[in-house]
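**Student:** Modelling step: build the complete structure from the supplied sequences, incorporating the hints.
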Amino acid sequence: MNKRSRLHIPRAPARPGEKPDFRYVQLSPAGAVARPDVNARAREIEHLATDLVRVLDDDGRALGPWDPHLDAAELQVGLRHMLLTRIYDDRMQRTQRAGKITFYMRSLGEEAVSVAACMALKPGDMLFPSYRNQGLHITRGLSLVDMMCQLLSNTRDMCKGRQLPVMYHSRAANIFTISGNLATQLPQAVGWAMAAAIKGEDHLAAGWLGEGSTAEADFHYALLFASVYQAPAILNVVNNQWAISTFQGFAGGEQRSFAARGPGYGIPGVRVDGNDFLAVYAVTRWAAERARTGAGPTLIEHVTYRAAAHSTSDDPSRYRAKDDHLHWPLGDPVERLKRHLIRLGEWSEERHQALTAELEALVAASWKEAVTHGTLTEGPNLDPDLMFEDVFEEMPPHLIKQRAALRKERS
Amino acid sequence: MNKRSRLHIPRAPARPGEKPDFRYVQLSPAGAVARPDVNARAREIEHLATDLVRVLDDDGRALGPWDPHLDAAELQVGLRHMLLTRIYDDRMQRTQRAGKITFYMRSLGEEAVSVAACMALKPGDMLFPSYRNQGLHITRGLSLVDMMCQLLSNTRDMCKGRQLPVMYHSRAANIFTISGNLATQLPQAVGWAMAAAIKGEDHLAAGWLGEGSTAEADFHYALLFASVYQAPAILNVVNNQWAISTFQGFAGGEQRSFAARGPGYGIPGVRVDGNDFLAVYAVTRWAAERARTGAGPTLIEHVTYRAAAHSTSDDPSRYRAKDDHLHWPLGDPVERLKRHLIRLGEWSEERHQALTAELEALVAASWKEAVTHGTLTEGPNLDPDLMFEDVFEEMPPHLIKQRAALRKERS
Amino acid sequence: MAQMNMIQALNSAMDIAMGRDPAVVLMGEDIGYFGGVFRVTDGLQRKYGEHRVIDSPIAEGGIVATAIGMAVNGLRPVAEIQFADYIYPGYDQIVSELARLRYRSAGAFCAPVTIRTPCGGGIRGGQTHSQSPEALFTHVAGLKVVMPSNPFDAKGLLIAAIEDDDPVVFFEPKRLYNGPFDGDPHKPAVPWSTHPKGEVPDGHYTVPLGRAEIVRAGSAVTIVTYGTMVYVAAAAAANLGVDAEIIDLRTLAPLDTDAICTSVKKTGRCVVAHEATRMSGFGAEILSVLQEECFYDLEAPIQRVTGWDTPYPHAFEWEYFPGQKRVELALRAVMEPA
Amino acid sequence: MAQMNMIQALNSAMDIAMGRDPAVVLMGEDIGYFGGVFRVTDGLQRKYGEHRVIDSPIAEGGIVATAIGMAVNGLRPVAEIQFADYIYPGYDQIVSELARLRYRSAGAFCAPVTIRTPCGGGIRGGQTHSQSPEALFTHVAGLKVVMPSNPFDAKGLLIAAIEDDDPVVFFEPKRLYNGPFDGDPHKPAVPWSTHPKGEVPDGHYTVPLGRAEIVRAGSAVTIVTYGTMVYVAAAAAANLGVDAEIIDLRTLAPLDTDAICTSVKKTGRCVVAHEATRMSGFGAEILSVLQEECFYDLEAPIQRVTGWDTPYPHAFEWEYFPGQKRVELALRAVMEPA
Ligand SMILES: Cc1ncc(C[n+]2csc(CCOP(=O)(O)OP(=O)(O)O)c2C)c(N)n1
Ligand SMILES: Cc1ncc(C[n+]2csc(CCOP(=O)(O)OP(=O)(O)O)c2C)c(N)n1
Ligand SMILES: [Mg+2]
Ligand SMILES: [Mg+2]
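Chains as they are written, first to last, in the numbering used here: chain A, 1 to 411; chain B, 1001 to 1411; chain C, 2001 to 2338; chain D, 3001 to 3338.
FYI, nobody ran anything at the bench for these hints, they're computed from the structure. A hint or two may mislead.
Result set (BS3-like, lysine-lysine): computed pairs, CA atoms no more than 30 Å apart in a straight line [unchecked claim]: (1) Lys2325/C - Lys2197/C; (2) Lys2265/C - Lys408/A; (3) Lys3197/D - Lys3325/D; (4) Lys3187/D - Lys100/A; (5) Lys3265/D - Lys2265/C.
Residues from chain C that keep clear of chain D, each with C-beta distances beyond 10 Å, as calculated [said to hold, decoys possible]: (6) Phe2038; (7) Arg2039; (8) Gly2049; (9) Glu2050; (10) His2051; (11) Ala2108; (12) Asp2184; (13) Val2190; (14) Thr2194; (15) Tyr2205; (16) Arg2211; (17) Asp2243; (18) Cys2261.
Ideal Cβ positions, reconstructed from N, Cα and C, are used throughout, including at glycine.
**Tutor:** Written as structure tokens, this is what we have:
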């Protein structure tokens, strides 16, 4: 073992104590990337997997062929959802720190990825989120109280106490149940889309996963089945550069973009500025049109940054440069959309402050209501009998017996 | 369910009763594809995943930059290995039909894929074959008697009766044990290569799998880990167009070549005429040089045709056009190398017939010897006690007990 | 009533289910145009089209995952895993997703997927075409696990599985596809047409999940078994002239505890038999339940008859397979304990 | 001798093994620069370099597969699966490959891979950070399965596992990382420094695989258990004042049959306890072996104490967890059978 090892080890651009360094992120100027026809063949539009689709420039102008030309009201709604997501996150994080919930995960800095995408889709489209897509739930109008009750595992918890905090779902809003196992939802989304195609229905399925999770087999299955059956699916990779402590290079992002996986399977891959509300909206729309017109699946890589810790159990100061998100070259999605609206004359600092105050009050009021249904430490509590339900549709004899045994144990 | 379904179903080009139709195979003329420097970056040589590297033209001439300029003696050795593989296959097939072995799988029409690749590698390179790479074993000089004893599960069976026929291995020849589970060997090959890199050793690992098997997660893992750690590995996809009854379109080959998966992970992908001994040799050499100089892994798609049935349990007349392999546009690897050698003045029909007779005699003599070590129906037989060995390095008490129980049962 | 072998009975089950419910779709390797390597889906693609009988990539994990997605979108997928030995790449999606969807979403989502897969040895398939991994599924809360032993049950259970809203892993002992097999490889093969359970109604019927069947009433000893071992056990008991009560579990999970306990309470003796490896095999669960429920009725230790704790070796198929002799020794031991 | 908690003991084991043998390499998610989400590999990358302590992609299947390849090439990889709940994507490579390599190649190839993974509940991890899937591995011929219950054993067993030429799946009850835990979440946490098994030699030693330990001698009843339940069982027995003999299996496969049978033959009564779900859990195997070997010594049915046959729910952690009360009820039942 004395010869020089040739094992290549990807390197994070900056570790604690080092200066943040984002030169590795390949950028395109806002407005610079062409917008191909939705029926273009994957092979003709491979550049989309290397370029970076951007609409908003640093001065808040919307530029180029991907500008979705949304009206101001829609932009304001988008801003509101993003801001609400952020305020909700912030408050729940503090709630966890105060010991009132066991666990929380923020999406700070990644709000556009969920909110803009969700707004570009139709209500009948089925969403298969990861744990960091709370913007989807908020955009689809889930009640904050319901979401908080899930975090609290209280008597109104939609999961009946069975899931860790943030593992929401909504049958009514067409949002699939979140799994603690990474990436599993992606080929499920493709299966859902295949069923829509089999049934001849006009809905598509959209799934999200982190760039770290693309290493799992399920990402490969999703691309493969989507390609073979040309399923009406949108597969979203949220490349926030980190998977807990592991830099995206360890998921294969050093050699090639994640969007580039698509063309390898004959699926168009689009790299988009994930902090640009307009770009995410436009690219999602484009992908949705492809799906709905039978042109098949699209892979979208959202280039963004995980500004927060991985979760409340994580301390990023151990593995990355302090405050590095402040140096992230694509800025902050809320700030960028706000600047754009102000530039359009459709927003102001005052209105922004007012909205912030309104949403903070909404979150606070929701929390107040949520805790009336119970907290971790105070009742009312869920009935432990519930533990034995929903394992099967009907409770089989052995679970009835175990339920009785638990009753005895607790008596 | 009355609307038109948009589920796309890949279609085989010709089913029983239809005329063979191979227009879907994208060809390049022999000699037409450039041979880039081994240090070229994946992105610069993506055309290799779409083009088809060919050296031998239809008239048996060697053309273009990929011509490896082997001397005649080497070519004759290659021809011999391919012919021996074919004769061995043919004889073992008939042996199975005669009920002397339980199962067999031929590599008819795919001999170059194994033989040429193996000759382009060094003895210290580790091979991770699939079940249709018998050319590797033959090229590395395994004794036919040993191979036949494996098929017979007899007293000299290298597997001690534990594996189905064709699941050979050779520690001495650096050929890994074949698995009945598809694709598993590919990421193992990458791990082996990573270890070589860790130890600073100059060996590479080469793995083979069928195009159908690329659908398995293990293919994805292999590409991913090879890319992340730039492992000195050669990953070979043998695209013989069929996976049992399933056409390659169901593995994703309709939208894009299998070689094209490589560039998605930042790995060069090369599409090569798998029935062209010289092309397979040259591309393997190129990939090996990449691996040995630290330039990382290479994905090679060998475009070939499964001329035979999937296995002795299979009847392809149920699912594909009769004799379609006779229409395969890339011809037969043995015939093509033979024609080339004859054109060079280094071979003749007479020598070919003589060699054929010699190899047939060798196979026949080997079989004669092999059966002296036992057959399925006649002894000598393996001792059933062997069943309990090698589960662990040392036999634990429960297996000693079970061995005793079996002895009692058989007494 | 028709004479059917197990392949035809399974085919008929899917045919009936597809005919009644357009949501039933099939997916798997080689199942469409070709009709499956064991021909269980033969003719169904021609009848129901390529959008309902879907040839899939060779990706067991992808098959299960997309089947889950289809089920969530209202279909009732029946996925074939070509051999049970190849189910492991789909194990994560089965265990972490399929089994838990209903639970984790408190009933908001469920996935009525049936996974069919041929299992067991006796066809010289070697270690990767002979496995019986049922215990790896009975340990997973949320899965129903079924293994029929004859054409009549196979059809009725498969229809029941497809119609069930819970996920079912449906094991098909491939050695029984063409006829009952009593463990003696030297005897000429017996076709299902000579067996009463080869009489199978053409139309719709179900055999309920979770219910065992007493295939032979007896008083001296209970044999609890399933799959191929049903016939081996019967032959062994007949050889010894033991008046055995033979129970074919048919469904392993949920286990029909009542049926086995009632019998063992009556006979006081029990042999549990399966092909799978012994350690942590499903036999251990059966034995444990009986020990817990019938301790005071037992006159001798319950005996387990199983495959050995090794892979299933090609050359030693019949030394590995728990044949009549192994069952006889167990019956002897339980009848005349040392 | 040093005071170590289980995290430090495991870290020390790897440190020692890497120091002695350059072939030992570590691989896993977040294990390198960061030192692991439970910090078990803390400092090892700094000490041994990035080529021996390797951060991996999030691909459990790829981790196991490449570890096998490395092992075949002469290394001794120790792969970390971040939570046992995430081991299933690697299940195929473990079951079909790692466990069978030596067998199928008749000893020509083997893969001395150790797979470390934190298991068990009690940390409010919900259904995907609390599982105890050991029985899914004990059913697989060719795997050794280990679960230590204290720092001393953890270090000695991990070194033994790494040095062993057979593959080992090494479960680490994460609730025990920082101290013994008797099942009462309301009591203040106890550190390992107050426990004799928190005394751990700095240097090299092994605790042999396949050998159980009697952690408390007793005469009234045998409790066979492992992992966290060792402490819960001890507390329950103490609560009841029962003179229990408590056996910590430490290695589940191969099972130390002698140790448990000797004890049960002496006491005539037995409780088997584990955290995993009951049906087809490893308890069923233990119970079966005891029933087979000690039938005539048993004075009452063996009782199983387990988690319920449901996923591990976030809100009902302590109703799910087999706590002291559940063990007490079982002890009562086995001491004064109805
Ligand atoms: C199958 C599986 N393996 C490992 C984990 C543990 N884990 C949870 S989150 C995470 C990192 C995921 O990173 P990424 O996919 O990039 O998503 P992000 O957190 O950045 O949004 C890991 C390794 C898991 N939940 N599931
Ligand atoms: C994991 C797994 N799934 C399914 C099978 C069954 N099977 C054996 S060979 C085969 C087809 C493989 O086709 P391909 O990879 O193209 O290789 P070829 O036979 O054409 O050489 C299938 C489906 C298997 N052996 N392993
Ligand atoms: Mg990430
Ligand atoms: Mg093929």
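**Student:** For Arg2039/C, is the shortest beta carbon distance to chain D beyond 10 Å?
**Tutor:** holds, 26 Å
**Student:** Confirm or reject the statement that His2051/C sits farther than 10 Å, beta carbon to beta carbon, from all of chain D.
**Tutor:** holds, 29 Å
**Student:** So is Tyr2205/C really clear of chain D, every C-beta pair being over 10 Å apart?
**Tutor:** Holds, because the least Cβ-Cβ distance between Tyr2205/C and chain D comes to about 29 Å, which exceeds 10 Å.
**Student:** Just to be careful, I want the Cα atoms of Lys3187/D and Lys100/A compared with a cutoff of 30 Å; is the pair within it?
**Tutor:** holds, 20 Å
**Student:** Given the hinted pair Lys2325/C and Lys2197/C, is their Cα-Cα distance within 30 Å?
**Tutor:** Holds: Lys2325/C and Lys2197/C sit about 25 Å apart, inside 30 Å.
**Student:** Is the hinted pair Lys3197/D and Lys3325/D satisfied, with a Cα-Cα distance of at most 30 Å?
**Tutor:** Measuring from Cα to Cα gives roughly 25 Å; hence the hint holds.
**Student:** Would you say Thr2194/C is clear of chain D, with no C-beta pair closer than or equal to 10 Å?
**Tutor:** The assertion about Thr2194/C holds, with a minimum of 36 Å to chain D.
**Student:** Mind verifying the non-interface call on Glu2050/C? Its CB should be farther than 10 Å from each CB in chain D.
**Tutor:** Check passes; 29 Å lies beyond 10 Å.
**Student:** Are all beta-carbon distances from Phe2038/C to chain D longer than 10 Å?
**Tutor:** holds, 21 Å
**Student:** Per the stated criterion, does the least C-beta distance between Gly2049/C and chain D lie above 10 Å, as a non-interface residue requires?
**Tutor:** Correct as stated: the minimum Cβ-Cβ distance to chain D is 32 Å, above 10 Å.
**Student:** Check the hint pairing Lys2265/C with Lys408/A against an upper bound of 30 Å on the C-alpha distance.
**Tutor:** Satisfied, since the Cα-Cα distance of roughly 26 Å is no more than 30 Å.
**Student:** Does the structure keep Lys3265/D and Lys2265/C at a Cα separation of 30 Å or less?
**Tutor:** holds, 25 Å
Figure legend: structure checked against the earlier numbered hints; every hint is met.
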